[in-house]
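Input sequences plus hints: build the corresponding full structure.
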Amino acid sequence: MTLFKKLGLGLATIALTTALVGCGNSAEDSATTEDGKQKVNFAWWGSETRHNNYIAAIELFEEQNPDIDVVYEFSAWDDYWKKLATKAAAGELPDVMQMDASYLGEYGNKNLLFDLTESIENGIIDTTNLPDTIVDAGSINGASYAMGPAMNAMSVMVNDSLLTEANASLDFLNYSYEDYIGVMQDIKDNTDQYGFIDVQDNYVLMQYFFRTKGEEFYSYNADGVPEVAFTKESALEFFDSIYKLAESGAVPTAEVASNTKSFDENPFALGGAGFYQVWQNQFSLVNDALVDGIEISLQLPYDATTSRALYYRPSFYYSVAKTSKNSEAAAKLVDFLINDEEVAKLMGTERGIPSNTANLETIYGDLSDTEKVAADYLTEIADYVGEASPVPPIGFASISQAAKDVYAELTYGTMTPEEAYDYLVEKMETSFAENY
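All the letters of the sequence shown, read from the start, carry residue numbers -21 to -1, 1 to 415 under mature numbering (1 follows the signal peptide of the UniProt record, and there is no 0).
In short, the hints are calculated from the structure, not lab data.
Where a beta carbon is used, it is the ideal one built from N, C-alpha and C, also for glycine.
One or more hints might be untrue.
In silico BS3-like links for lysine-lysine, alpha-carbon gap of 27 Å or less [stated by the list, open to error]: (1) Lys62 x Lys89; (2) Lys62 x Lys211; (3) Lys62 x Lys192; (4) Lys304 x Lys89; (5) Lys383 x Lys211; (6) Lys16 x Lys62; (7) Lys406 x Lys383; (8) Lys16 x Lys223; (9) Lys211 x Lys16; (10) Lys406 x Lys89.
Cβ-Cβ distance ranges computed for the label pairs, FRET-style [stated by the list, open to error]: (11) Lys61 x Ser377: 12 to 20 Å; (12) Ala35 x Ser227: 32 to 40 Å; (13) Ala10 x Glu206: 37 to 45 Å; (14) Ala122 x Glu413: 21 to 29 Å; (15) Asp271 x Ala69: 51 to 59 Å; (16) Gly228 x Glu157: 39 to 47 Å; (17) Asp271 x Glu157: 28 to 36 Å; (18) Glu100 x Asn146: 54 to 62 Å.
Dropping the structure here:
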C-alpha cells in the first residue's frame, strides 16, 4: 500500500493490504506550497503502527516549524524500494527517506544522497546524544549520507536450560569461538538437540567472526573501491567449523531455519537449539515466540570482551536526497525524528531501541521487561564496542546471497571449506568489478 498525506488521516489508518494508491501531483513538483511554505517530501516503509506514529510526529514538527509543510508517502517494504528506484532514475527522490543499510551504499555511491556533514557541523542535526559509531555508520568516503534513529548490536540468545541439561557452561564475559562451538557439540552429544540455529542472514555471522580477527567482510581502498577484507585463514576456520558441526548434527542443514513460516516454528523457539546469534533488538520478538517453559538469556557473543568486534549498528537510517530543494528543512526533519523527546515517546521501540541515549532514558520506564533487557545490553557493551563496519557496497544483495549460498552448501556437505572460500571470493570480486 502507498498512501499520501493529501488523502487525509482517516485513510492513513486503513489496513496494509489496501491496493497501491496514486497521487495527482507528484511530491517533487515544487519546493513550496501554494501558501509559500517550504515543502519537504518524506517517504518510509513500515507497519501501520509506524505510519500512524509518523503522522502524529509530522503534526508536531509542523506545529514547531510553521514555515515547513511535510508531504508524506508510505509503502510496504517491497513496493517502497521499487518506487524509490523509479524516483531515483527520474531524479525525483523524496527530500527525506528511510534508508536501509543494504541500499545505502548503492544510493550513496551513486551520488544520490545529500552530505549531512555541514548540517551536523552547524547544529541543524544534533549528534550530542548519539554514539559516535551511530553517527559514523552512515558515512561513505568521508561523506555523511545517513543518520540512524535506533540501534542494535550483535548478541547471542541462549537456552540456559538446554545448556544445563547438556552439563555445559560458558563464561559469557570471556569465551572464545572454540569454547562456543565446543558447547554446541556438547548440546548435540548430551541432549540430541541442535547446538545452534542460524539466523538465515548468514553474512552477519561471517562479518562478526571476521571482526573478532581484526578483519572485515569488505573494505574500501583509497579510490573508494571495495575489496575483500578477510583472510583466507579466517574464512577457512569459520567454514571448517560449520562444515564439521553440520556433519555431526550440532548445526542443522540450512533449510531447517529457512522453511519455518514464522519464528514460532523455529527450533530455537521450540526449545530445540542452544544458541541463536542475532541482533539484540530481536530479544522481545524471540521471547514472544517461545513455547511455554522455555527461558532464554541475552548474552555477549564470543570474543566480545577481547576484541572490538561489537559495534552499535543503526536499525535503519534517514537520508536526504541530493536533489532536495529544501535540504536545510529536510535536515531539520531528520533531527526532529531522531532527537525530539515527544517523538521518542510516540515511537517507543517500534523503530528499535532509540539511538539518542537521553531519549532512551526518557522512555525506559515504559518499556516491557524484555525491551529493558535489550536496552540494558546496549549500555553493558559500551566498553567493548569498536568502529562501525563499512557501509555495504553497490551490488551487496549478490554478496549477501553468496554468503547464504556457501553456508547452505557447507551444511549440506556439498561444498568443502576451500571451495566455499573460492566461491565467495569469486562472487565478491565479480560484483565489485561490475559495479565500480
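Tested hints:
no. : hint                        : result
1   : Lys62 x Lys89               : holds, 17 Å
2   : Lys62 x Lys211              : violated, 40 Å
3   : Lys62 x Lys192              : violated, 40 Å
4   : Lys304 x Lys89              : holds, 19 Å
5   : Lys383 x Lys211             : holds, 18 Å
6   : Lys16 x Lys62               : holds, 26 Å
7   : Lys406 x Lys383             : holds, 12 Å
8   : Lys16 x Lys223              : violated, 64 Å
9   : Lys211 x Lys16              : violated, 57 Å
10  : Lys406 x Lys89              : holds, 21 Å
11  : Lys61 x Ser377: 12 to 20 Å  : holds, 18 Å
12  : Ala35 x Ser227: 32 to 40 Å  : violated, 53 Å
13  : Ala10 x Glu206: 37 to 45 Å  : holds, 40 Å
14  : Ala122 x Glu413: 21 to 29 Å : holds, 23 Å
15  : Asp271 x Ala69: 51 to 59 Å  : holds, 53 Å
16  : Gly228 x Glu157: 39 to 47 Å : violated, 19 Å
17  : Asp271 x Glu157: 28 to 36 Å : holds, 34 Å
18  : Glu100 x Asn146: 54 to 62 Å : holds, 57 Å
The earlier numbered hints that this structure contradicts are 2, 3, 8, 9, 12, 16.
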